[in-house]
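Asker: Sequences and hints are given; from them, build the entire structure.
Listed in order, the protein sequences are those of chains F and X. Just so you know, numbering that gives the first Met the number 0 puts 99 at position 100 of the first sequence, and the rest follows in order with no gaps. Just so you know, numbering that gives the first Met the number 0 puts 14 at position 15 of the second sequence, and the rest follows in order with no gaps.
There could be a bad hint or two in this list.
[As the list claims (entries may be wrong)] Calculated from the model, a selection of chain X residues having no Cβ within reach of chain F, i.e. all distances over 10 Å: (1) Leu24; (2) Thr53; (3) Trp68; (4) Asn87; (5) Ala96.
[Stated by the list, open to error] Derived lysine to aspartate or glutamate pairs resembling DMTMM-like cross-links, with alpha carbons at most 25 Å apart: (6) F:Lys403 to X:Glu57; (7) F:Lys143 to F:Asp517; (8) F:Lys91 to F:Asp517; (9) F:Lys448 to X:Glu36; (10) F:Lys448 to X:Asp102; (11) F:Lys387 to F:Asp425; (12) X:Lys94 to F:Asp193; (13) F:Lys232 to F:Asp363; (14) F:Lys448 to X:Asp101; (15) F:Lys341 to F:Asp314; (16) F:Lys403 to X:Glu22; (17) F:Lys448 to X:Asp79; (18) F:Lys195 to X:Asp65.
Since the hints were made in silico from the structure, they are not lab data. A quick note: this is a predicted structure, and the numbers were derived from the prediction, not measured. Here a beta-carbon is modelled for each residue, glycine too, at the ideal position from N, C-alpha and C.
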Amino acid sequence: MKHALALGLALAFSWGSAAAAEKEEQPAEIQLPPVPTHWKAENPVGTTAKPVTAEMLNGQVAPTDHWIQYGGNYRNFRHTPLKNLTPESVKKLSVAWAFPTGTTGQFEASPVIYGGVMYVTSSYNRLFALDAKTGALLWRYDHKNGENLRLCCGPPNRGVGILGDSVLMGTLDAHLIAFDRKTGEILWNTEVGDYKQGYSLTSAPLMVHDMAIIGVAGGEYGVRGYFDAYDVKTGKRVWRKYTVPGKGEPGADSWAGDSYARGGSPAWTYGAYDPETDTLFWTTGNPAPDWDGDGRAGDNLYSDSVLALDPKTGDVKWYFQFTPHDVWDYDGNTQLFLVDAKYDGKPRKLLVQANRNGFFYVLDRSDGKFLRATPYLEQVNWATIDAKGRPQVNPQAMPLPDSKFRTCPSNLGGMNGSFTGAYNPDLGLAFIPSAEACQVFTKGISAFKEGLPYLGGLPDTVDATAGKAYGNMAAIDVATGKVKWRYRDNRPMMGGTLSTAGGVVFSGNLEGEVLAFDAKTGKVVWRFRSGGGMRSQPVAYELDGRTYVAVPTGSFSTMDSFAAGVTKVPEGGTLFVFALPK
Amino acid sequence: MSRAALALALLALACSRASQPQESLAQKYLRDPAAVERGHMIFVGTCGAYCHSTHDVERDAPSLFDCEWKHGGSDQQIFDTISNGVPNTRMPPWKGALPNGDDDIWKVIAYLRSATTCATPAAH
Chain F
0 MKHALALGLA LAFSWGSAAA AEKEEQPAEI QLPPVPTHWK AENPVGTTAK PVTAEMLNGQ
60 VAPTDHWIQY GGNYRNFRHT PLKNLTPESV KKLSVAWAFP TGTTGQFEAS PVIYGGVMYV
120 TSSYNRLFAL DAKTGALLWR YDHKNGENLR LCCGPPNRGV GILGDSVLMG TLDAHLIAFD
180 RKTGEILWNT EVGDYKQGYS LTSAPLMVHD MAIIGVAGGE YGVRGYFDAY DVKTGKRVWR
240 KYTVPGKGEP GADSWAGDSY ARGGSPAWTY GAYDPETDTL FWTTGNPAPD WDGDGRAGDN
300 LYSDSVLALD PKTGDVKWYF QFTPHDVWDY DGNTQLFLVD AKYDGKPRKL LVQANRNGFF
360 YVLDRSDGKF LRATPYLEQV NWATIDAKGR PQVNPQAMPL PDSKFRTCPS NLGGMNGSFT
420 GAYNPDLGLA FIPSAEACQV FTKGISAFKE GLPYLGGLPD TVDATAGKAY GNMAAIDVAT
480 GKVKWRYRDN RPMMGGTLST AGGVVFSGNL EGEVLAFDAK TGKVVWRFRS GGGMRSQPVA
540 YELDGRTYVA VPTGSFSTMD SFAAGVTKVP EGGTLFVFAL PK
Chain X
0 MSRAALALAL LALACSRASQ PQESLAQKYL RDPAAVERGH MIFVGTCGAY CHSTHDVERD
60 APSLFDCEWK HGGSDQQIFD TISNGVPNTR MPPWKGALPN GDDDIWKVIA YLRSATTCAT
120 PAAH
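Answerer: Okay, here's the thing in C-alpha cells:
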C-alpha cells in the first residue's frame, strides 16, 4: 500500500510538473483592462461662468460669448448678433482647430458653448467637453447604448441642453442623462422609454423653467408617441404628453378602430417657447404605419401637428394639424420660428414653419389660427392648401400597390426635422435648406409587432440621377411667403443653418462643402472643403475678441442614398472650428 | 412490362428523386405569380423604405437583388436570416411577425429570386 501510495504521488507530481511545464510554454494570458467609456475632467472647467439661468435662456438673442440653445434662442432664429461675420469678412475664415469623433453616422449636433467650454455630441452618444478656443479635450463620455437598437434612420444626436450647472443628453436607447458641466460627473440617468419597444432619443432637450423637455422617436415602429418634462435637478418626470389620444379621449375617434394604440406620431424634434405667454410649442411626426393608411381611417390626431401647451402641466391650449391622415411620412415637426411681425398691416405674434410637406406655414401663435401656406420648394404636387389650412390632396399622390405617379416632395421633405433653418429678424427672411426630390409611393403589406418596423409601404426616389433631385436653399420673406432667392446644390441639402447679424448664412452640402451665402442675395461668398457630408447645425461665438464658427461634419451614407444624395463620400465625424483673424 | 421490370423502374425513380435536393417552398412559390406578388407586397410594406432598397443599391441594409449574400445565399439560409435577424444590426428577427408566418417569409424569398439582377444566383 505504501508503495502504491508513493507511486501515485510520484505520478501525480510528474503530471503536475508536466502540466506546469506545458503552462509555462503557453504565453501568459494578458488581462486587458476594461475599455474606458468615461473620462472626467482632471480639474473643474468653465468655473468662471455662473450657472445658466432661466433669465439667460429667456434672452431674445444670445450674447456673443455663448450659444446655449439648440435654436439659438427660444424663438429658434439660429441668428447670432455677431456683426463681424459679413459677406466680405468670411473670406478670411481659416481653421482654428478640428476634432474627430471617432464615430460614423450622422454628426448632426448643434454645439453648446458656455464658460469657454464647448459641449458637443456625436453619433452613438459620445459627449465631448472641449476648450472652445483651442479644441483641447476636457472631459468625455461614451454612452454604452443597449444592444439591438431600434433605429429607423441612423444613429444621430443633435446636441445637449444646459441649465444651472447641468448638461443633458438624450440617448439612442431612450435615456436622458445629466452631467455636471464642470467635471463630466453623471448626476442622474433616467429611462424615458423602453428602447426595445422602438423608442429612442435623438434631439437636444429644450430647457424651460427648471425642466428639460424632450420627445421620443419611434414612428416607424408603431410606438405611441409622447414628449416629457423632467426636473433638471432630480431627473424625475414632471409630466408626459401623449401625442396620440387613448381610448375615449378627445381625438380618439380620428382613428379607425383601435389603430390609435400603435399610431406612432412621435415627437423626436425640438420645440419652441414663448416666455411672454408662457406657452410651449411642440410638434409631432407621422402616424404609423407610414405609407398605408387603410387601417387608420380618419385624420389621425395629433400626428403631423403643432401643439401649444402650458409648460407647467403639459395641458394643450390649442393645436393645428398640417397633414391630416398622412400617408407620405411628411411629419409635422420641422423647426418652428416664433416671429413678431406685421401681418396684413397689423402687428401679430406669428408661428412660422417650413413644413416637411413642402408648404411654408404662417399661423397666429396666440390661438393657432391658420393665416397662410405657400410652397417653398420648386416641386410640390401632392396637394394644395385651402383657406382653412387643410390640404386638398391630389388623388394621384396616394400610395397604391402599383403606383407610377411621381409625388413631390419626397418623404424626407422639403425641410426635415433633423436639420435647421435660420431667421434673420433684420431682413425678415427665413433661410430654409431642403431636399428637392420626388418619389413614387407604393403601398404594401405590414403587420404590427412590438419593436419591429411598421412601415406599410415604400417611397422610391426614381429619378435621383436624372438631375431632378437636388438641394435647395431658399430665402423666404416671412411677410409675403415669397421666395427672395434660391441657391441650388447638386444633391439634396440636409445640413442645418446659421444666420449672422453681419448678413451671412452658413450651411453645407452632402458632397463635403461648408458654404456661406450673402443673406441678401444668396451668392456663395465662401466655401470650405471639409470632405464629410454636412448634416449638422453650425453655431458662432466670440471669445477674447476672436470670432469662431463651429461646423460638425460627417454624414450617414444610407440616408444619403435614401435621399438621393451621394454615397461615395466616406462617413466619419469631424468638427471644424473656423476663426476670423484677430 | 414484367413485375420485376416495373419494380426496377420504380426503384430507379425513387433513387433519382432521393439524389435531387429537396425543393424549397421558395422554389415552389417562384412558379406561382400570386405567391411572388404577395412576397413583393410584403417586401414593399415591411422590408424596404428606410432599410433595403428596391434597386441594386448598397446601404447599411444590403442589396437583396445582387449576387452577394452576407449570411448565406441558399433559400434556407435566407429564410434563417430573415427569421432570426442579424444581431446588432438593423435587421430584426421576423419569425412570427408576418401575417401568414413562415409562409410569407418563403414568399418574400420567392419574390427576391424573381427580381434578382444576379445572372448566377447561389444554389438554392
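Asker: State for each hint whether it applies.
Answerer: Hints, one by one, checked against the model:
| no. | hint | in the structure |
| --- | --- | --- |
| 1 | Leu24 | holds (18 Å) |
| 2 | Thr53 | violated (6 Å) |
| 3 | Trp68 | holds (19 Å) |
| 4 | Asn87 | violated (6 Å) |
| 5 | Ala96 | violated (4 Å) |
| 6 | F:Lys403 to X:Glu57 | holds (23 Å) |
| 7 | F:Lys143 to F:Asp517 | violated (42 Å) |
| 8 | F:Lys91 to F:Asp517 | holds (15 Å) |
| 9 | F:Lys448 to X:Glu36 | holds (23 Å) |
| 10 | F:Lys448 to X:Asp102 | holds (17 Å) |
| 11 | F:Lys387 to F:Asp425 | violated (30 Å) |
| 12 | X:Lys94 to F:Asp193 | holds (21 Å) |
| 13 | F:Lys232 to F:Asp363 | violated (34 Å) |
| 14 | F:Lys448 to X:Asp101 | holds (15 Å) |
| 15 | F:Lys341 to F:Asp314 | violated (29 Å) |
| 16 | F:Lys403 to X:Glu22 | violated (35 Å) |
| 17 | F:Lys448 to X:Asp79 | holds (19 Å) |
| 18 | F:Lys195 to X:Asp65 | violated (31 Å) |
In this structure, the hints that do not hold are numbers 2, 4, 5, 7, 11, 13, 15, 16, 18, in rising order.
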